[in-house]
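Number of protein chains: 2
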Amino acid sequence: MPQANGYAAHSPQSGLAPFRFERRELRPDDVAIAIDYCGVCHTDIHFVQDDWGMTQYPVVPGHEIIGRVTAVGSEVTGFRPGDTVGVGCMVDSCRECEPCSRGLEQYCLEGPVLTYNGQDRRDGGITYGGYSDSIMVNEHFVVRVPETLDPAAAAPLLCAGITTYSPLRHYGVKPGHKVGVIGMGGLGHMGIKFARALGAEVTVFTRSESKVGEAQRQGAHHVIVSTDAAQMRAAAGSFDYMLDTVPVQHDLNPYLELLRYDGTHILVGLVEPVEPPVHAGNLLFGRRVLAGSLIGGMPETQEVLDFCATHDIACDIEMLDIRNINEAYERVKRGEVKYRFVIDMATLKDTQ
Amino acid sequence: MPQANGYAAHSPQSGLAPFRFERRELRPDDVAIAIDYCGVCHTDIHFVQDDWGMTQYPVVPGHEIIGRVTAVGSEVTGFRPGDTVGVGCMVDSCRECEPCSRGLEQYCLEGPVLTYNGQDRRDGGITYGGYSDSIMVNEHFVVRVPETLDPAAAAPLLCAGITTYSPLRHYGVKPGHKVGVIGMGGLGHMGIKFARALGAEVTVFTRSESKVGEAQRQGAHHVIVSTDAAQMRAAAGSFDYMLDTVPVQHDLNPYLELLRYDGTHILVGLVEPVEPPVHAGNLLFGRRVLAGSLIGGMPETQEVLDFCATHDIACDIEMLDIRNINEAYERVKRGEVKYRFVIDMATLKDTQ
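Protein chains in written order, with the UniProt record's numbering: chain R, 1 to 352; chain Z, 1 to 352.
Just so you know, not all the hints are guaranteed correct.
Since the list can't tell identical chains apart, any single copy or any two copies may satisfy a pair.
[Stated by the list, open to error] Below, computed lysine to any residue pairings styled on SDA-like, alpha-carbon distance capped at 25 Å:
(1) Lys333 to Pro247
(2) Lys333 to Asp240
(3) Lys174 to Thr264
(4) Lys174 to Val85
(5) Lys338 to Asp306
(6) Lys349 to Arg68
(7) Lys211 to His140
None of these hints come from the bench; they were simulated from the model. Owing to the predicted nature of the structure, the values given are computational and were not obtained by experimental measurement.
All chains, please: the whole structure from these sequences, using the hints.
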């Protein structure tokens with residue numbers, strides 16, 4: 001079996017440390033990838049800490065993977081050695097159900113196989129993610145990275161990017177629409193760029209007056225300080241869509257009241273009970289909608305990379321030496337990164 | 001001013017009693033209606049008891065009104081004396097905003113004027129509803145009752161009917177769709193009939209095994225006893241739409257899990273905080289939607305009456321002598337009516 005080097009956590013308290021493990025043999029439909037960059041997603045931290053009670057240790061996190069093809073299986077038709085490619089949150093799915101056949105593998109009826117901490121559909125093994133030097137992935141779950149994209153800055157597009165791009169496309173955001181973006185972290189700052197590139201009038205909601213300038217720098221046409229009751233009141237009933245990227249519990253009701261009739265509040269960051277509770281009256285009056293959206297399917301994941309190349313959109317990143325990963329997690333938890341850490345996997349060899 | 005006889009509540013505890021009051025003079029765009037029938041909606045009880053803290057006493061409830069035109073103002077073009085007509089939950093709106101211009105007066109940006117306990121846009125007076133012998137209504141808010149409909153059974157179409165019909169139409173329910181109907185009261189039993197008439201495969205959810213036969217009699221293709229975990233599990237991921245008519249707090253999560261990906265749970269009965277809270281994961285996984293819907297606009301209110309005439313749909317009603325209204329309210333609160341009380345307004349003269 002091919003050997004791989006990476007970083008893994010072995011218990012909720014252990015933090016991440018160097019880890020040597022086996023990758024599967026190259027399958028006929030596999031692409032072998034030497035990983036150059038891997039983004040750090042808040043989900044990685046949840047899995048490392050076992051916040052959701054489902055982690056199987058050791059866990060090698062990482063689902064924003066950029067690398068170069070080093071070999072391809074005999075049946076692979078779409079990639080060749082040397083290609084710059086990406087792998088996101090999924091590495092397999094049933095490929096036969098209705099969502100899969102529509103390119104919505106994230107909603108696979110049998111459940112997609114997650115890039116890490118997932119269970120391989122063929123050998124039953126637990127998948128290891130992108131905090132490592134190499135990975136084998138079925139070619140259907142590999143995307144092509146356009147040459148004009150900075151490969152490091154492209155890594156977060158595979159989760160933070162597609163997670164915000166997919167619902168904006170699904171709901172048909174276009175010129176004339178007013179879109180609010182709630183939260184300005186890894187997801188939120190991408191949401192601003194996408195909504196603007198799609199032609200919408202973009203308003204960022206922030207709790208802090210101090211972030212107004214930064215929101216404008218990211219492309220927001222307007223900024224509303226959500227703790228300012230007068231600003232919130234003045235915006236009542238004016239938004240077509242809210243893209244809510246906040247990953248912790250928060251009150252949706254003040255934002256629902258800012259939606260027009262038939263407006264839609266889209267949750268992409270929260271995986272908790274919605275508390276405080278939504279008032280049903282805020283949905284009935286105005287026929288408003290509360291929706292969720294999860295990453296994106298493979299065709300749309302390719303599309304977001306191409307869209308970024310066309311519209312010259314990049315994620316704002318801070319490059320990270322993998323030896324500083326545990327410290328970086330603390331900074332992510334404190335919201336002290338603009339806006340996404342990307343691990344420079346070349347630093348991994350210094351740990352061997 | 002024309003005199004009217006009706007029933008009113010004068011305080012949260014008083015119950016309803018005979019009440020003599022003045023109606024406005026006929027305006028040029030008004031239709032004067034002699035009321036024959038008025039449905040009893042749970043909302044009437046909420047207003048009488050001041051459950052929502054907004055009742056202005058005395059309150060004359062009733063927003064499912066059927067009657068005959070007795071006179072028309074000089075500018076009225078759509079109605080003539082003798083016509084059988086209906087009036088629902090609204091009697092006015094701004095008529096100029098975007099929702100109004102699209103025939104969605106229920107979402108009027110200035111707020112529609114409610115049939116009772118609303119404020120008249122011209123004279124500022126409080127509106128009195130249909131528990132009375134006559135009413136003056138702007139012709140835009142009057143609908144025509146097709147001759148083939150039983151006028152008494154048509155009364156509840158103006159609230160219970162349109163409330164369930166409108167979202168099924170808005171979301172495009174059609175053959176091939178699987179629709180779940182939660183709750184089998186005044187709204188729910190109409191939801192069954194409409195979803196079936198639109199060609200959907202209809203499943204009723206009930207907590208009680210004893211209601212299975214009745215649900216089938218109403219037209220349900222299937223019945224699921226919601227307290228039976230095995231039945232619920234077997235239905236996971238299978239519904240396109242849930243029409244949730246339950247007017248009290250209940251856990252939506254077990255129902256969200258029964259929706260397909262891209263499925264929609266539509267609240268039409270609840271006007272409370274959604275508790276226990278919806279788990280955001282149930283929206284993200286499957287890109288599901290939680291929506292609300294409020295009655296319907298005037299074109300659609302006419303449409304539902306015409307639809308019922310075409311498809312031979314009627315509300316199941318129990319005729320009520322208005323002198324028994326307080327007792328009837330107790331039965332409504334206990335869920336002991338199949339499925340809607342309709343006041344025979346001829347009984348009002350016996351109270352004078």
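Original post:
Tell me, which hint numbers fail for this structure?
Top reply: 2, 4 and 7
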